[in-house]
Amino acid sequence: MQPVLKVQALSKTFNIRAGLFSRKKFAVLKNISFCIGKGETIAVIGETGAGKSTLAKLLSGADSADCGQILLEGNIIEDNGIRDNQCRYIRMIFQDSAASLNPGLTIGDTLDDCLQYNTDFDKAERTEKISATLSKVGLLVDHQHYYPHMFSVGQLQRVALARALILDPKVVVLDEALSSLDPSVRAQIVNLLLKLQQETGLTYVMITHHLSLVRHISDQVLVLDKGEVVEYGATEVVFQTPQSKITQRLLSC
Amino acid sequence: MAKFNIFSEESNKSPLARFWRKFKNNHPALVGLWIFVAFALLAASAPLLAPYGVNQQHSDALLIPPSWREMGDVRFILGTDDLGRDVLSRLMNGATYTFGLSVVAALITTIIGVLVGTFAGISRGIRSSFLNHLLDITLSIPSLLLAIIIIAILGPGLMNTVWAIILALLPQFIHSIRNLIVDELNKDYITAFRLDGASNWHIISRGIFPNIYEHIVVIFTMALSTAILDISALGFLKLGAQPPTTEWGAILAENLGLIYLAPWTVALPGVLLFLAVLSTNLVGDGLRQVLKARKAD
Numbered sequence: 001m002q003p004v005l006k007v008q009a010l011s012k013t014f015n016i017r018a019g020l021f022s023r024k025k026f027a028v029l030k031n032i033s034f035c036i037g038k039g040e041t042i043a044v045i046g047e048t049g050a051g052k053s054t055l056a057k058l059l060s061g062a063d064s065a066d067c068g069q070i071l072l073e074g075n076i077i078e079d080n081g082i083r084d085n086q087c088r089y090i091r092m093i094f095q096d097s098a099a100s101l102n103p104g105l106t107i108g109d110t111l112d113d114c115l116q117y118n119t120d121f122d123k124a125e126r127t128e129k130i131s132a133t134l135s136k137v138g139l140l141v142d143h144q145h146y147y148p149h150m151f152s153v154g155q156l157q158r159v160a161l162a163r164a165l166i167l168d169p170k171v172v173v174l175d176e177a178l179s180s181l182d183p184s185v186r187a188q189i190v191n192l193l194l195k196l197q198q199e200t201g202l203t204y205v206m207i208t209h210h211l212s213l214v215r216h217i218s219d220q221v222l223v224l225d226k227g228e229v230v231e232y233g234a235t236e237v238v239f240q241t242p243q244s245k246i247t248q249r250l251l252s253c
Numbered sequence: 001m002a003k004f005n006i007f008s009e010e011s012n013k014s015p016l017a018r019f020w021r022k023f024k025n026n027h028p029a030l031v032g033l034w035i036f037v038a039f040a041l042l043a044a045s046a047p048l049l050a051p052y053g054v055n056q057q058h059s060d061a062l063l064i065p066p067s068w069r070e071m072g073d074v075r076f077i078l079g080t081d082d083l084g085r086d087v088l089s090r091l092m093n094g095a096t097y098t099f100g101l102s103v104v105a106a107l108i109t110t111i112i113g114v115l116v117g118t119f120a121g122i123s124r125g126i127r128s129s130f131l132n133h134l135l136d137i138t139l140s141i142p143s144l145l146l147a148i149i150i151i152a153i154l155g156p157g158l159m160n161t162v163w164a165i166i167l168a169l170l171p172q173f174i175h176s177i178r179n180l181i182v183d184e185l186n187k188d189y190i191t192a193f194r195l196d197g198a199s200n201w202h203i204i205s206r207g208i209f210p211n212i213y214e215h216i217v218v219i220f221t222m223a224l225s226t227a228i229l230d231i232s233a234l235g236f237l238k239l240g241a242q243p244p245t246t247e248w249g250a251i252l253a254e255n256l257g258l259i260y261l262a263p264w265t266v267a268l269p270g271v272l273l274f275l276a277v278l279s280t281n282l283v284g285d286g287l288r289q290v291l292k293a294r295k296a297d
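Chains as they are written, first to last, in the UniProt record's numbering: chain A, 1 to 253; chain B, 1 to 297.
Hints were generated in silico from the structure; no laboratory data involved.
We put the CB at the ideal spot given by N, CA and C, even for glycine.
A hint or two may mislead.
Stated by the list, open to error - Which chain B residues stay away from chain A? Per the calculated CB distances, all over 12 angstroms, these:
no.: 1; residue: Leu33
no.: 2; residue: Leu42
no.: 3; residue: Gly100
no.: 4; residue: Phe119
no.: 5; residue: Pro156
no.: 6; residue: Tyr189
no.: 7; residue: Leu195
no.: 8; residue: His202
no.: 9; residue: Leu229
no.: 10; residue: Leu258
Stated by the list, open to error - With a straight-line cut-off of 30 angstroms between C-alpha atoms, the simulated BS3-like cross-links for lysine-lysine are:
no.: 11; chain 1: A; residue 1: Lys136; chain 2: A; residue 2: Lys38
no.: 12; chain 1: A; residue 1: Lys170; chain 2: A; residue 2: Lys136
no.: 13; chain 1: A; residue 1: Lys226; chain 2: B; residue 2: Lys13
no.: 14; chain 1: A; residue 1: Lys123; chain 2: B; residue 2: Lys22
no.: 15; chain 1: B; residue 1: Lys22; chain 2: A; residue 2: Lys24
no.: 16; chain 1: B; residue 1: Lys187; chain 2: A; residue 2: Lys30
no.: 17; chain 1: B; residue 1: Lys13; chain 2: A; residue 2: Lys170
no.: 18; chain 1: B; residue 1: Lys22; chain 2: B; residue 2: Lys238
no.: 19; chain 1: A; residue 1: Lys123; chain 2: A; residue 2: Lys195
no.: 20; chain 1: B; residue 1: Lys22; chain 2: A; residue 2: Lys136
no.: 21; chain 1: A; residue 1: Lys25; chain 2: B; residue 2: Lys22
no.: 22; chain 1: B; residue 1: Lys22; chain 2: A; residue 2: Lys129
Based on the sequences and whatever the hints tell you, model everything.
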C-alpha cells in the first residue's frame, strides 16, 4: 500500500548570531525520514529542543526545509524547500488553540475564510460544510456565531479541530495540541480523534510528551534527539525493547 | 440557525460590543464623547445653525455684553464684538475651522500613517526601516516650531498650518502602527491564518485590522488634540488663520485688545478651545483605559 505521507531526508538549519559579525549554523533537523499509511498515527517524541516542533512546522508548511522531500500520496509537495501550495491536505493544530484563533472574527467567519481561500464552493455550500464540520467535532451549529473568547479550552480545541478538518485533509499534525488540556477533556478529544480516524481514515502526526497517550493511540513512534532520529518503529516494539539509551531514558521517567 | 436557543445570552457580543459596554461605564469619557459629537455636528452644520452671518455688522449694537447681563440684548445671546458682529455666530462658525480642520488633519494623518505603517510592518529589512524612519527628521523639531518653519517658507495661511500639522504628527503615527502590526504578525493566529491559505492582503485586512482598529482610534484622538492646540496656537500667533476667518485662536488674538472692555469676546473662545481639547482627551483616555482593561482579561 502506498503511504499517505512520506518524508525523505528532511533537514533544517537555523542561523544563529554567535558574535557581532559571525553567525553559527545550528542544525535543528538532520536527515529525517519516515512514512505513514492511511488511517495510521505516528507519534514524535523527544526531549525539549530535539526539533519536534520544527518538524511539525515543516510538515504543515509554516516553515520550509533546507533539503529533503515531503511526499503526499506519492506526489512531491515539498522538494528542497520549494513547496507546492497544497496547504489544505496537511493541516496543523497548534498547542495554544486560543492564540491560534483570530479574536476579532467569529468561528463561522474563520471557517468560512478557510473554505473561501481553498475551494470554489458557493455561499450555500460553505454554510452547509461549516454546519457539518461543527457537528462532526461535537459543537453546535449555533457556535459559528460565537467569538473565540466565549469558549472554554476544550471547546476551543474542538474549534481548532473543526478548522483543520473543514478542508478534508489527509494528514493532521498535532503539535502538543493535547498537552494544555485537563485529563477529562483530553480523554474526550482523544476519543473524538480516534472516532474521526475510523470514520474518515485520517492520518495523524502527533507531537507530544505524553507517553501513555502515545501508547494508546499511535501505531508508530519516532524518537528524536538533537535533530536526529534515534529510534523509529512500531509503538509496541519500541516500548517493549527500546534500543537506544535516549529512548530508554525517555521511557523510564 | 437552530430552532431554539440553548444559551440564555440573546446576542453574541462581538469584541466591538464589549468595548462599547466597558466604555459606557466610564462616565467622564462618555460625557467627553457627547461633547465631542456636539462639536462634530456643530462643525458640520454651523453656517445653517448660526443666527447671523459671520461678518454681518450691527452698527447699532457695538460691544453688547452677553444677554444675561443687565446691558445685554436678547438678539445677541453671547454679545457682540467691537465691530458689532454676533459672538455666538462667530464662535459657531469657528468650530468648522478649529475643530473640523483638526479632524480633517488627523484623518489625513491617520490614512497616510496607516498605509505607510502597514507597508513598513509587513516588509522586512532595509525597506521596512526606510519606510519606518521616512519622516523621522521631523521628530527632532517640536510640532509647533515645524509649523512655523513651514509657514515661514510657504507664507501664513490656514492650509499651510494643516500641512505642517500633518507632517509633524505623521512620524509618531507611522511608528505606532508599524509596532502594532509587527506585534500582531508574530502571533500564532496569523501563522494559522497563513496556513489556511490567506494571502498577504487577507492577513492585513481580515487578520490584523479587526484586532488593532481600537488602537488606531486611540492614536487618532491623541493626534486630534495636538492638532486642535496647534491650529489655534498658530491662529493666535497670526501665522495660521488670518483675522476675518473665525478660527478660535484667531478670534482670541483679534479681541485681545478688548480684554478689559469686553472680556466675553476673549473668554468664550478660550472656553470653547478648552472644552474641545478636554473632550478629545477624555474620549482618548477612556478608550485607552478600556484597551488596557481588555488586555488584562
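Status of the hints after comparison with the structure:
no.	hint	in the structure
1	Leu33	holds, 23 angstroms
2	Leu42	holds, 34 angstroms
3	Gly100	holds, 31 angstroms
4	Phe119	holds, 21 angstroms
5	Pro156	holds, 45 angstroms
6	Tyr189	violated, 5 angstroms
7	Leu195	violated, 5 angstroms
8	His202	violated, 7 angstroms
9	Leu229	holds, 33 angstroms
10	Leu258	holds, 54 angstroms
11	Lys136(A) <-> Lys38(A)	holds, 20 angstroms
12	Lys170(A) <-> Lys136(A)	holds, 16 angstroms
13	Lys226(A) <-> Lys13(B)	violated, 47 angstroms
14	Lys123(A) <-> Lys22(B)	violated, 35 angstroms
15	Lys22(B) <-> Lys24(A)	violated, 50 angstroms
16	Lys187(B) <-> Lys30(A)	holds, 28 angstroms
17	Lys13(B) <-> Lys170(A)	violated, 35 angstroms
18	Lys22(B) <-> Lys238(B)	violated, 42 angstroms
19	Lys123(A) <-> Lys195(A)	holds, 29 angstroms
20	Lys22(B) <-> Lys136(A)	violated, 36 angstroms
21	Lys25(A) <-> Lys22(B)	violated, 50 angstroms
22	Lys22(B) <-> Lys129(A)	violated, 36 angstroms
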